[in-house]
Amino acid sequence: MSVLTTGFLSVFALKTDGTVWAWGGGSHGLLGDGTGNDSTVPVQVTGLTGVQNVTTTYGSVYAVKTDGTVWAWGLNGFFGQLGNGTTTTDSLVPVQVTGLTGVHNVVSDYFSAHAVTTDGTVWAWGSNDYGQLGTGTTNLSTVPVQVTGLTGVQNMTTAYESGYAVKTDGSVWAWGLNDRGQLGNGTTTDSLVPVQVG
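Under my numbering, think of the first position of the sequence shown as 1, with each following residue one higher.
Bear in mind the hints are in silico, worked out from the structure with no lab data behind them.
The following label-pair restraints were derived from C-beta to C-beta distances: (1) 18 <-> 187: 40 to 48 Å; (2) 85 <-> 189: 26 to 34 Å; (3) 181 <-> 66: 37 to 45 Å; (4) 197 <-> 38: 40 to 48 Å; (5) 160 <-> 34: 26 to 34 Å; (6) 11 <-> 157: 17 to 25 Å; (7) 168 <-> 101: 15 to 23 Å; (8) 38 <-> 152: 40 to 48 Å; (9) 17 <-> 68: 13 to 21 Å.
Note that this is a predicted model, so its numbers are computed, not measured.
For glycine and all other residues, C-beta sits at the position ideal for the given N, C-alpha and C.
Build out the structure end to end from the sequences listed, making use of the hints.
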């Protein structure tokens with residue numbers, strides 16, 4: 001195994017051969033094997049090879065392949081968190097996230113996800129109640145949209161409805177929910193676009 005991650009009542013293992021295996025709860029297609037059933041033993045996620053990273057959120061899973069594409073499966077709810085342009089249908093098998101290439105990392109938070117690309121930009125999709133997509137609005141997006149004004153990003157993470165990015169110059173930027181001051185910018189006002197921490 002090269003990566004082991006846990007989701008909602010399920011576990012995902014990325015093997016060194018680039019395949020992904022899953023077990024546990026399979027509701028909404030979470031195991032990605034085409035059945036929507038639970039499994040007490042590892043089952044292979046259908047059709048995925050060449051995977052370099054895998055991450056999970058509440059009911060959805062994201063895999064980054066070595067070719068820089070992103071694939072998602074599981075819950076699609078009302079927020080379009082699979083990033084394939086729909087909000088109505090969960091997916092029992094991986095579907096490609098629309099329009100993303102050159103991705104080296106994906107992070108996710110409940111009903112949204114963010115992808116960091118090799119050119120240092122960040123793209124986001126899914127729920128956006130608090131501006132966690134960083135696009136200047138609170139409109140959800142069923143396909144990836146670019147986070148406003150962020151370039152030179154080398155890594156990022158998410159917390160509950162907030163995003164955080166580290167740039168190559170060492171600065172940290174945050175956006176989204178800020179009711180406890182978690183954006184670190186001296187306020188408790190949500191931000192629809194990235195603001196510098198400190």
